[in-house]
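Visitor: Here is how the chains run, residue by residue.
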Amino acid sequence: MSTALHLAVALDGTGWHPASWRLPSARPAEVFSASYWADLVRLAEAGTLDFVTIEDALGLQTDRLDGPDERTDHVRGRLDAVLIAARVAPLTRHIGLVPTATVTHTEPFHIAKALATLDHVSRGRAGWRVQVSGRAHEAGHFGRRTLPVLDPAAPDREIVADLFAEARDHVEVVRRLWDSWEDDAEIRDAATGRFIDRDKLHHISFDGRYFSVKGPSITPRPPQGQPPVTALAHAEIPYAFAARSADVAYVTPTDAAQARKIVSQLPIPHVFADLVVFLEESEPAARDAHERLDTLDGTAYTSDAAIFTGTPAQLADLLQEWRAAGLTGFRLRPARLPDDLVGITGGLVPELRRRGAFRTAYEAATLRGLLGLSRPANRYAVAEEARVA
Amino acid sequence: MPKQIHLAAHFPGVNNTTVWSDPRAGSHIEFDSFGTLARTAERAKFDFFFLAEGLRLREQGGQIYDLDVVGRPDTFTVLAALAAVTTHLGLAGTINSTFNEPYEVARQFASLDHLSAGRAAWNVVTSWDAFTGENFRRGGFLAESDRYSRATQFLAAARELFDSWPADAIVADKDTGVFLRNGSAGSFRHTDDQFDIAGRFNVPRGPQGRPVILQAGDSEAGREFAAATADAIFSRHGTLVEGQKFYRDVKRRLPAYGRPEDSLKVLPAATFVLGDTDADAHEKAAVVRRQQVSGATAIKLLEQLWNRDLSGYDPDGPLPEIDPDVSGDHIARGRASVRMHRDPIAVAAEWRARAEAEKLSIRDLIIETTNRQTFIGAPDTVATAIDDLVQQDAADGFILVPHVTPGGLDEFADTVVPLLQERGVFRTEYAGPTLRHHLGLEVPA
Ligand SMILES: Cc1cc2nc3c(=O)[nH]c(=O)nc-3n(C[C@H](O)[C@H](O)[C@H](O)COP(=O)(O)O)c2cc1C
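If you read the sequences in order, they're chains Z and B. Here the numbering used here runs 829 ahead of the position in the first sequence, where the first position is 1. Here the numbering used here runs 733 ahead of the position in the second sequence, where the first position is 1.
If you are wondering where the hints come from, they were derived from the structure by calculation, not from laboratory data. Careful, some of the hints might be misleading.
Unchecked claim - Calculated lysine to aspartate or glutamate pairs in the EDC-like style (CA-CA distance at most 16 Å, straight line): (1) B:K984 / B:D995; (2) Z:K1043 / B:D995; (3) B:K907 / Z:E884; (4) Z:K1043 / B:E994; (5) B:K907 / Z:D991; (6) B:K907 / Z:E859; (7) Z:K1029 / B:D862; (8) B:K736 / B:E975.
All chains, please: the whole structure from these sequences, using the hints.
Guide: Set out below in structure tokens:
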């Protein structure tokens, strides 16, 4: 099924439109509770989606570039995304769980074991949305470096390159730590009293510009070997980062031609387009829903990603057109939760299935499996075979 | 009314207490093992589940130590998943204050508190060594003598973050469009020798206000830190005399901080072996001790005192004539909770004398001198021993460490707990939904 496509949803608060929390179906007071997230992820799983991503950051949501705002009329505050994913894992069975975790300021050692553990807890359904933080106010929460306020329209190239070079090293360390235990390292050999074969544990001895990490991880290799690494990318430097470090890139084209051009820069297994979606049974109803929210908020909503407003069938048309341009899947950002997630699982998914473009049941037990990625060999085990040969 | 006992379940650790060779022993990484033990603890109405932490695999003689269980999960991630399969059980995680930053740890604990509806606890530990530091950005940046000043400042910073959102900060009134009562929720600034941080915390106040704080250090500085900041201490002193001494020592420190005595619980680690009769239990305990201290393990433990390679010695033979090496670096690294012997040459002389007098081999001697089980006996004997220690102020309860994963608590839950309940010293139902309820702690203002 080469025309089949992959579908993920990006969960964030009550949806991506800042006024979404005011809708009758929204549950704004519950976004800090486990049941809220469990309900959403189970809904996504009922629609056989590949995975959910969960947004996160090391700072408060803000509409300003130069720091936190003082707004009281938007959702503010969030829970740690890795922990939300872990909390939901025992309650789900098939769907991939892809939390956001920031690489700037954080320890690769901690991130590696957290995601490896998410993979153990979910039996092979963990992924990672890598987030680079270029925000000055987030740096202030750690106090170990200062960053100038970056203008996203024209950011200082040198600083951005530096942040992404650090990100590249971070992902490299995490990936090495995941491989630092060979799969069969645990032997429980009663005869010699050895729990592990220590020759199958490896120091990673990473020595870089930003940090050095010795290893091995304290956590055995995750069930998937390497949980999928994903990253959002809008420009040259992040494209280069994603091309080198990620298995899935999220990109933000506005049409099929642009999508084709971006895909050519990303020689990795998956390139998904991000789309904000308003789904209703008729196009006018969708437009109306969008407009009413903009009115409620007092401003027209803008996004880095294209905003789709229409019916599930129209969205299916668009996704198939972009699929033909080389994208392998889509990460849909529901403008309203749960409404547009219901629109995806109850409208878009059946429509795509009718067209033979989306799975009717989960065909694999792991996220790598759903994404058609084989379980990778361990880099250290490979090196050993080569030595013997 | 007698004192009420507090009980916690420690997931079996990466040391030789854990008998991984037992045919019943399960995985130390698969989630089912954690879920099984946690569900047993909850069925038995325990206060909390406890996870230890070590951020570098232990080495001895320059090689990764392979005789004990090796490998463990990320603390926060497993506890968040456990919140999904339990409803009342407290979830306590050991998190180091040296190789972390307050903003991140505070948001993880506050998130865990939300996701568990008020069951999070933080065991603050201070391992500072450069060996562990090799896994982290800043390396071995902290001097041993600064470990508790960093911990104190870390905890102070974290408390500011936990307190930065008022409990009623979120209005979420759809009609008026007011989500936040005040646009500056989460504002903080904290400056001291260790931290210079400011901004906005991004997790609203959790159901418990702040997570319950545990402490597990034993030094003078550690005890003072506990008296100043902790809700409970995880101690090593589980016998009557040592327990009472420790108990008095930490409780007497409380008035200086304006705290009542019952605001700090003392919870020693405890192991146990149950049997149909006391004699049966003692027999089993002796078998378990031999499983815990194999010949190979005996040599490794002896090396930790001698600080030399003793691999050429026969564990069933006599102790080495040669003296411990006190000159160089220690051969064992990454053992967070092992206090190295203070005067190795004197201890070695004692051990040799004892081995000679009692005709003990190396293995026999190690079995005799290292941790014997805290409670051995028929269920009634063990229930009585636990109750006596608590009523005599040697403890407020215990953190039980089963030696088999994950079923090692089942028998205790089925036999000892009902006896404690009959005595009226242990709850038969949870009094409330949060860990603070279980421990009788106030929600902080
Ligand atoms: C019962 C007990 C359990 C401990 N568990 C841990 C642990 O899991 N991880 C860790 O890093 N340190 C652990 N420690 C070490 C202490 O928390 C502390 O950081 C260390 O002993 C240094 O402090 P001290 O000099 O006050 O003892 C433990 C200590 C005790 C007494």
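Visitor: Next step is simple, just say for each hint if it's right about the structure.
Guide: Right, here's what the structure says about each hint:
1. Taking the CA atoms of B:K984 and B:D995, the gap is about 8 Å. The hint holds against a cut of 16 Å.
2. The straight-line distance between the Cα atoms of Z:K1043 and B:D995 is roughly 44 Å, outside the 16 Å bound, and the hint therefore fails.
3. For the hint linking B:K907 to Z:E884, the alpha-carbon distance of about 23 Å lies beyond 16 Å, and the restraint is violated.
4. Between the alpha carbons of Z:K1043 and B:E994 the distance comes to roughly 44 Å, so the proposed pair goes past 16 Å and is violated.
5. In summary, the hint linking B:K907 to Z:D991 is not supported, as the alpha carbons are separated by about 42 Å, beyond the 16 Å threshold.
6. As the CA atoms of B:K907 and Z:E859 are separated by approximately 13 Å, the hinted pair is consistent with the 16 Å bound.
7. The suggested pairing of Z:K1029 with B:D862 is violated, with an alpha-carbon distance near 25 Å, which exceeds 16 Å.
8. The hinted pair formed by B:K736 and B:E975 fails the criterion: a straight-line CA distance of about 19 Å is larger than 16 Å.
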